[in-house]
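Given chain A, put chains B, C and D in place with the hints provided.
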Amino acid sequence: MLPNYIPAHVPISWYLILSAMLFVLGVAGFLLKRNIVTVFMSIELMLNAVNLSFIAFGFMQHTVAVNAQVFVFFVMVVAAAEAAVGLAIIIMVHRNRKSLNVDDIELMKF
Amino acid sequence: MERTDLHLWVLPLLPLLGAAVNGFFGKGRSRGVIGGIACTTVGLAFVYAVYLFFTASYAEHAHIEFIAPWIAAGAFHADFALYLDPLSMLMTLVVTGVGFLIHVYATAYMAEEDGFYRFFSYLNLFMFFMLTLVLAGNYLLLFVGWEGVGLCSYLLIGFYYLKKSAGDAGKKAFIVNRIGDFGFVLGMFLIISTAGSLDYDKVFMAFRGSSVENGMGPITIICLLLLAGACGKSAQLPLYVWLPDAMEGPTPVSALIHAATMVTAGVYMVARSSPLFVKAPDAMTAVAIVGCATSLFAATIGLVQTDIKKVLAYSTVSQLGYMFLACGVGAFSAGIFHVMTHAFFKALLFLGAGSVITAMHHDQEMTNMGGLRKKIPITFATMTIACLAIAGFPGLAGFFSKDEILWQTYSHGHAWMWALGTLTAAMTAFYMFRLLFLTFFGEPRSDHAHHAHESPRSMTVPLIVLAVMSVIGGFVGVPHVWGGHNEIEKFLEPSVGAPAMHVAGEASDAPAESDPTAERLFSLYAVLAGFSGIGFAYYAYVAKPDTGRRLSEKFHGAYQVLLKKYYVDELYDVLFVHPINWVSRAFLWHVVDSGVIDGTANGLADGAQAVGGVAKRIQSGLIRSYAAWIVIGAVSVLLYMTMVWAK
Amino acid sequence: MTPFATFLIATLIKIALVLFVLLTSLAYLVWVERKVAGRIQNRWGPTRTGPHGLLQPLADLIKFIFKEDPTPVAAERLIYFGAPFMALVLSLMAITVIPFGGSVKVAGVTTWLQITDLNIGMLFIFAATSLGVYGIALAGWSSGSKYALLGGLRSSAQMISYELSLSFSVVGPLILAGSLSLRTIVDSQAGYWFHVIPKWNCIPQCVAFVTYLIAAFAETNRVPFDLPEAEGELVAGYHTEYASMKFAMFFTGEYANMVTSSCIATLLFLGGWQRPFDKIGSFDWAGYIPTAVFYALAVILLVFSLKRARLVERIVLPVFATVCILIGSLFLWTPFHDPAEGVFWFAAKVLFFLLLYIWIRWTLPRFRYDTLMEFGWKYMIPVTLANVLITGFIVAWRTGH
Amino acid sequence: METILFFVFAALALGSAINLIRESHPIYSALSLVAVMGALAGLYLLLGAEFIAVVQVIVYAGAIMVLFIFVLMLLNAEEEVKIDRTKIAVRLGYPLLVLLAVEIISVLRAKFPSEITSHADLLNGDNTREVGRMLFDNYLLPFEVTSVLMLVAIMGAVVMGKRKS
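Top to bottom, those sequences are chains A, B, C and D. For the record, in the first sequence the residue sitting at position 87 is 87 according to our numbering, with numbers rising by one throughout. For our numbering, add 110 to where a residue sits in the second sequence, where the first one is 1. For our numbering, add 757 to where a residue sits in the third sequence, where the first one is 1. For our numbering, add 1158 to where a residue sits in the fourth sequence, where the first one is 1.
This is chain A alone, in the form it adopts within the complex (with noise of 0.2 angstroms):
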C-alpha cells in the first residue's frame, strides 16, 4: 500500500505512454492471437489501457479527475456486460463449431 502523503512527480507522458504500450499490444493480442477468448482478453487489455490514460488525463487537471473516474467506472460496467455477453456466445460458437479458434469461424463472409 502507498501512503497517502508522498508526493508525485511522474509526469503524466510516462502513464500515457504506458497506456499507449498497453493498447499496442492489445492491439498485437488482436491481430495475432488465434484463440477467440484470448482475442476477447485482447480487447479487454485494449480498455484498460485506455481507462488508465483516463485516469491519467484525469490527474492532470484535478477539475476533472473526478470525472475521469466516473468515466473509468462507465468503461469497466460495460467491459462487464459485453464480457458477460461475449462469453455467452463464445460457448454457443463452441457449441455449434467445437472449435475456439477464430479463423474456423469464418461464417459470416461474401
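Any given hint could turn out to be false.
Said to hold, decoys possible - Derived DSS-like pairs (lysine-lysine); straight-line CA-CA distance at most 27 angstroms:
#, chain 1, residue 1, chain 2, residue 2
1, B, K137, B, K273
2, C, K1135, D, K1320
3, A, K109, D, K1240
Stated by the list, open to error - If you only want the chain C side, here are some residues facing chain D, beta carbon under 8 angstroms, derived:
#, residue
4, I877
5, F883
6, A884
7, L888
8, V890
9, W898
10, L910
11, S913
12, I917
Just so you know, these hints were derived from the structure itself, not from any lab. C-beta atoms are modelled at their ideal positions from N, C-alpha and C, and glycine is treated no differently.
Just chains B, C and D now, kept in the frame of chain A:
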C-alpha cells in the same frame, strides 16, 4: 383579408372524406351504405354551399381563406388558399347541386354494376378535385384540381376497364388533355415570370395597371396558352376529340363530368382570368373564334349521329363553344350564365338518356328506339323540357342564356359570329328534337323498345328536379328588355366585370345595348331559328319519317363526312398518332431506351457487380483481418495527425 | 527518524505480530474444531499428542511437511504449484485492513491496532475475497483430474454467486456508517440504547446480519455449503490432487478465510472492539470482565490439573493457569487495559463466530448443488437487495434528502 | 518512492501484457491479463484514484477475468492451433503495430512534454465520496442507462447460455 371564419375547406373536404371512406373501406359494404356515404357527403357540401351563398360576404371583395403554406421557393409563394367570390360561389353551387342530383341518380343507375364502391369513391374524388379547382386561390391549386378532375375523368371513362374501347377512350381523354395542360403550364410559368405570383389577387393586381395591348404581348401569349389549356379541358377545337369517346363511361359520369361540371372548367378558367383577357383583345378574338367554330362544327356532326349519347356529346361540345364565344366577346357573365343553365339541361338530357338506355337494356342506338313516350313518360316529359330549354324555347333556361350570348356577340360587333351562332342554334334545335323524335315517337323499332320500363324513383326524381331547374333556371338572368334585371350579371360583376366595359375601343361603333328594340329583335331571330330547327326535325322524323334517309342519299358525300365526324380522328391518327408511334418504337424505344438508358443502367449494375466482386474479398469473415484493416485505418489517421501537428 | 521510517517499522512489526498470532490461532482453531467435533459426536477428539492433544497442530504440521508430495502427470505444473500460494496469500491479505482495537502508544509512537487503515478498507477486503476464487479454480483446473476440475468449477461458481449476496448484505451497515473505513464503521456503532442494548448493526441490520453469515459460510466453503469438497461425489474437490504442504496451504487458507469473515462480521455487525455493556452510573464494571474471565479460566485449569493423573498435565495445566492469572492481572493495569480490552472483546466476538462455524459444520447436512445455486440466486440476492433498498430509503428519510 | 513504484507496476504491466501475447495457452494469457490489471490497479493508486483501483480489482480481476477463466475451464481450452487463414493480419501485423506504437507515442510526446507532472493535492485521495456523488447526480442518467444495459446483457447471456444446440 385572412378570415377563416367561413371554413371553406369543409366544402372540398367532405367529398374527399367520402372518397376515402368508400375507397378504403367500401369494398364488400352494402350498396346502400356506399351510396349513402357518397350522396351524404356531396349533399352536405351542397347544403353548406347554399348556407355560404346566403350568409357569407364575398360580393364586394373576394374572401381568401389561407389554409396552409405549400410552396415557398425564394420570392415565389404558393399556399393552400381558397378563394370565394361570386364566380366561384356560383360554380360551387352548380357543381355541388348538380353533382348531388347525379350522385343520387347514379345510386340507382349503377345498382347492377360491379365495382360500385370504386365508382362512388371516384365520383366523390372528382367532386373533391372539382371543388378544389373552383375554390382554388391561385392558379397552381387550380391546376391541382384541374389535373385531379382529369385523373378522375380518366378513371371513370375507363370504368369498364374490361372493355378495350373504354380503356382507349380513357387514355385518349387523358393524353389529349395533356396537350392542353402543356399550354396551361407554360401559361402559368409565364404568369410567374411576369407577375411573380400565382395568387389570383396578386396576379390581377399586377395586370390591372397594364394597358390594353395589341399584337403579341406577354399578356396575349399568356391568354393564348391558357386558352390552349381551356380547349383541352373543355373539348374545343382542335382538342375536342376526346369528349365524344368519353361517352364510353357510365352515363352519370357523362352527365356530371362531361356535360355539367368538368368540361366547363375551361370556361371557368377563362372567366376567372378575365382581368387578363380583357387586356388582350387578340386573345379574346381567338377565344371567340374557337368557340364559334367549335359550336358550329360540333353541331353539324351532331346532326347525323345515331348514338344517343354521341349526339348529346357533340351538343355539349357545341354548347361549350357557345360559352367560349360568350367569353370571347367579353360577355363573361353570359358565358357563366350559360354554364349554369347548360349544367341543368344538359345534365338532365344525359340523365334522361341514361334512363332511356336502362330502359333499352343498354342499347344506345336511336335507330332501335322509338315510341318510348308511352313506356317511360316521366323521362319523356323531362327530356322534352330539356330539349326545349336547349333549343331556346322562350322562357326556359336556355333561351335566356343563349339569347344573352348571341346578343352580346352582335352588340360587340361580331356580326358574322352572331350569324353562325344563330345557325348553330337552329342546328341545335334540329338535332335535339331529332333525338327526341327518334327516341320517343314513332313505332318501337326493336323488342327492347317494346319492353321498356320506367326507371326507379331515385332516377326520376333527379330528372324532375333538373327539369324544374331547366325551366326556372333562366330567370336569374332575365335581361332588362324582358322586364328582368339580369341579376346574374350584377351578381358576377365583381368577378368578371360588366360586359359593357369589355373590348375597349372596338365596341364603340357597335350598337350599344341600350337599344331594347334591337335586342328584342335579335332574340326573336334566335327563337325563330330554334323553331325552324324544331319544325324541320318534326317534318323529317315525324311527319315524313323517311326524309332523313332520302337526304342522306341525296347528299351522300356530305352525309358520310358528317357521319365520320369530318375524319378528324383519322386525320389525327395519320398526322400525330402514327408518326409518334413510329418515332417512339423505332427511335425512343429501340435506340434511346433499350440502347442508352438500359445500357447505362445495366452498365452501372455490371460495374457495381464487378467492383463488388473484387471488394467482397475484404469481407473474409476473418475477424483478425478486419482488425488489421481497422489498424491500417488508425495508423493512417494518426499519420495524418502527426503530419498536421508536425507543422 | 523520518515519519516514513517509523511508519515502515511500525507496519513491519504489526505485520509480524498479526501474522504470528493469526497462524498460531489458525493452528489451534483446527484443534478446537476437532475437539468440539468430538464432543458433538460424543467422542474425545485428539488426546494423545500433548495434554488434551494440545500439541496436535504441531504434529499435523510435521506430518504435512514430511508427507510425500506427488505431482499428477497431467498437471499444469506452474499453476499447479502456484495455486496454493495464491489461495493462502489472498486469504491472508484481507487481514491487513482489519482493526483489532483502538490505538496504542508504544515507545512514543501512536499507532492503530491494525496493519493499515484504508479509507476504503471494506472495498479492499472485497477485492481480496473476490480474488480468492482464483486459487481454488486454478487448483481445480491445473491438477488435470476431472474431480478436481469439477470441484474447482463448482467452487468458483459458488463463490461468484455468493459474493454478490455477501457484498449486498454488507452494503446495509456501510450505508448506516456512511463510510468504507472499517474503523469509522466500528466507531459508528458506539453507544447504547437505554444504557442496555449496544448500538450494534446486528440489531437494525438483523436481516443483513443473517444473510451475511449465510453468504460467508458459502464463501468459505464451509458446511452446509462445502460442495467443492463433497467427498461423496468429488472425492475432495479442487484439492483432490494436492498433498502435504500444498494441501496445508489450502487448509490454512480456508481457516484464514473463516477468521477473516468472522472478523468482518464482528466489525460490521457486532461493533468490533466495542464492549457490549454500558457502565452503570460511573462504575465501569464491564472493565473488569476480562480479568474475571481469565481468572475463571485459571481456576478451571487448576481444577482439571488436580484431577489429572499424568505428570505432564500436573505440570502443564498450572503453568497455563498462572499465565491466565498474569494476563488477568495485567488487565487491571490501565495502560495495558485500555488498548487490550478492545482486543479482548474483539477476540471474544471472533471466537464466538468461529465456534458458530464449527457448531454448524457438525450439525447441518450438505446442500445439493442446484439447490445451493438456486438458494443463492433466487433467495439471498433478492432479500439482500431489498434490505439495501429499505436501509437506503430509511437513511435518506432520516437525513432528510 | 512513487517513481520506483511506477516503474515496478509499469514493468509488471508491460511484462504481463507481453506474456499475454506470448503464451500459447489461453489460461496463462488470462492470468497474465489479471496481472496486468493488478498492476494497473497499483498505478491507479499512484494516481490517487483508489476507488477505481479497488473497483478495478473487484470488477475486472475478481469478476470479469474469473468469468473468462471459468469459461476457459468449462470449454477446457487447450493450446491454440497454429493455423492462420488471414494473410493480411499475419503479414502486415508486426509492421503495423510498430507503426502504431511509434505514432501514438510521438503524438503523446508532442502533446505532453514531460514537464507536466501529477500534482500532489489529489494524492491524499478520499475521492470515493466525490465519485459517488458525481455518479448519482451529474451522471445519474448514464448510470441508469448502464444499469439497463447490464440487465439486457444478463438476459442475453442467460438466453444464449440456456439454449441447447
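task: Enumerate the violated hints, using their earlier numbering and listing them in ascending order.
output: none
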